[in-house]
Amino acid sequence: MSLIVVLAWAGTACSVIPTGNKPITFEDVRKGNPLGDPYSRVIATPPKDGWSPEDIVTGFRAAMASPDDLGREVARQYLTDDFAKQWNPQDRVMVYGTGEYEKIPPAREGKTRVTFKGSITAYIDQDGRYQPSGGTLSEPFSLVKQPNGWRISEAPKELLLSESDVDHGYLSVDLYFLDSQWKGLVIDQVRVPIDPASNFAKTAVERLLKGPSSLLRGAVKTAFEPGTRLIDVTTENNRVIINLNKRVAPDLVDPMAAQLAGTLSGLTKGGWGFEVEVNGESYYSDAPLRIDAQEQSVFDPWMTPRDAAPYYLVDGGLRLLLPKEKIGQAVPGRAGEKDETRTRPAISGQALRQVAALSKDGKSISVAPIAPGGEWKEWTTGVSLTPPSWDRYNTLWTVDRPNDHTSRVIRHDSDNRQQYRVTAPDLDTLYVELLKVARDGVHVAVVVRDGTEERVLIGTVIGQGSATRIDNLQPVVLGNQIQGNQTIEDIAWKDGKSLYMLTDKSVLLEASVVSAAKQLPSDPRIGSITALDGTLLAGAKEDNGKSQILYWNWTSAKWEALVKDEAGKSDFVENGPTDPAYPLG
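The C-terminal residue of the sequence shown carries number 585 in the UniProt record's numbering, and the numbering is unbroken.
To be clear, the hints were calculated from the coordinates, so they are not data collected in a lab.
Note that the Cβ used here is the ideal one computed from N, Cα and C, for glycine as well.
Warning: the hint list may mix true and false statements.
Stated by the list, open to error - For each label pair, taking beta carbons as the anchor points, the in silico distance ranges come out as: (1) 327 x 402: 40 to 46 Å; (2) 474 x 415: 27 to 33 Å; (3) 226 x 102: 45 to 51 Å; (4) 419 x 73: 55 to 61 Å; (5) 363 x 515: 35 to 41 Å; (6) 102 x 420: 52 to 58 Å.
Unchecked claim - In silico DSSO-like links for lysine-lysine, alpha-carbon gap of 27 Å or less: (7) 546 x 360; (8) 338 x 569; (9) 183 x 494; (10) 494 x 324; (11) 564 x 494; (12) 157 x 48; (13) 85 x 48.
Please model the complete structure; the sequences and the hints are all you need to start from.
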């Protein structure tokens with residue numbers, strides 16, 4: 001059997017590194033493309049006479065993983081004629097971590113079975129949605145002996161790929177779509193099969209034009225009209241030129257530019273700019289449409305927020321940290337005054353900031369403007385409320401838990417002062433411990449308890465006002481990933497894609513809807529977290545009751561004290577800073 005692995009560079013010829021027969025050399029068909037990193041190509045040869053059943057199944061698995069054979073024509077050569085006509089693995093991809101063959105039973109009457117066993121790590125839907133999963137893999141392959149050797153007569157309906165196969169054969173793309181109000185951007189992380197005859201930019205734009213994955217369907221919008229088609233993507237003078245077949249509506253040019261820049265910025269290197277053409281001509285009759293390399297950040301500042309300083313509590317009074325001095329000052333209004341009755345502050349993202357806080361007994365949430373004369377006003381009451389969370393539309397979220405198996409999601413619109421019950425059928429009969437809306441206003445994370453099992457779910461917010469619902473919930477941290485009977489103590493959105501989770505044993509995890517949870521360095525004193533892009537803060541308390549705000553120093557790879565006192569010291573102190581909170585954090 002010959003299994004050939006290729007390391008390909010855009011614009012260069014490639015040497016083939018074979019695991020079997022003689023090396024082969026060929027020219028990369030993507031010559032001249034500066035938009036993609038090196039990637040590995042796996043090319044499997046057709047089956048050979050005399051191969052064993054195990055060799056046939058191994059060759060078939062290799063052929064399934066070949067990005068150079070998108071139609072899986074080589075893979076079909078491993079199948080019987082009848083099964084080759086039936087086999088159409090279009091629905092989804094099953095991704096496994098490790099695998100091995102069971103002992104193959106002796107062949108009888110020219111038939112045998114090879115069972116491949118391992119661990120399932122994820123599924124990839126037809127639209128590229130990557131869903132981390134768990135479970136045991138046990139897939140049988142039935143084989144029959146034919147004049148030309150063993151052939152597969154029955155196999156799994158989906159593609160069966162290893163994690164390495166997916167890394168080699170799929171492009172991970174962040175597609176940028178628009179929120180329901182056309183004001184902000186929402187990232188849809190997908191995996192797209194690599195097409196060796198295309199470049200990465202073309203693959204990404206074509207996928208963008210198809211619309212969002214099932215996770216965001218109904219929750220986001222796009223500037224591109226139906227029927228918009230990509231003609232080509234080329235490069236010239238350090239610009240990526242996107243040639244479309246039609247224009248967008250005049251008022252959607254800026255949103256379109258943000259969608260394209262965001263989607264392509266992760267694939268281009270060195271700050272390449274972009275230009276949009278229509279049918280090979282300039283976008284405007286008298287001028288080209290040129291897009292800055294970071295247009296998405298101009299359109300939506302929450303994509304890469306830079307000036308938002310953190311808040312925290314001292315004796316129940318809210319303080320704003322002055323970044324340069326690292327000293328806190330009491331905010332104006334009642335929110336800045338000492339108040340031992342409120343906890344778990346949440347800061348809105350509007351220019352005129354508001355703070356929401358949970359009462360110590362968990363039965364009410366009050367809101368105060370962070371402004372001179374700002375007064376606390378009770379907004380929401382309940383039997384047992386989760387800590388508040390703001391979305392980018394100045395809407396306040398919480399969940400009321402009247403008992404251990406009932407949850408009612410509530411949102412409070414500060415513009416019209418209306419309170420709505422949010423439709424969330426997947427949460428109604430669970431105990432929701434925490435809920436936080438991401439800064440994009442669309443992704444939402446919830447920590448739920450169902451009996452003794454605790455899970456972290458990420459879903460989407462769809463609709464507005466009384467028609468709002470939470471849908472498309474999927475787990476990102478399963479109960480068996482939280483070891484030692486730990487529970488989730490706090491969660492914080494890093495950005496619109498990734499979520500930090502803190503357990504009651506001070507274990508810190510990071511996960512998203514497209515990647516399994518990974519553990520980060522933590523500190524046993526940490527009890528709460530907040531994050532903003534690359535900055536991660538934690539409220540920490542020592543056994544003697546002294547407290548401090550810590551930040552993760554990426555340079556020193558250590559947790560360090562953040563807040564200084566008037567003497568310039570950063571120590572844990574009695575009645576010290578607690579409960580750090582970034583806007584929309």
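Status of the hints after comparison with the structure:
no.: 1; hint: 327 x 402: 40 to 46 Å; result: 43 Å, holds
no.: 2; hint: 474 x 415: 27 to 33 Å; result: 31 Å, holds
no.: 3; hint: 226 x 102: 45 to 51 Å; result: 49 Å, holds
no.: 4; hint: 419 x 73: 55 to 61 Å; result: 59 Å, holds
no.: 5; hint: 363 x 515: 35 to 41 Å; result: 37 Å, holds
no.: 6; hint: 102 x 420: 52 to 58 Å; result: 54 Å, holds
no.: 7; hint: 546 x 360; result: 20 Å, holds
no.: 8; hint: 338 x 569; result: 22 Å, holds
no.: 9; hint: 183 x 494; result: 20 Å, holds
no.: 10; hint: 494 x 324; result: 22 Å, holds
no.: 11; hint: 564 x 494; result: 25 Å, holds
no.: 12; hint: 157 x 48; result: 24 Å, holds
no.: 13; hint: 85 x 48; result: 21 Å, holds
Checked against the numbered hints given earlier, this structure breaks none of them.
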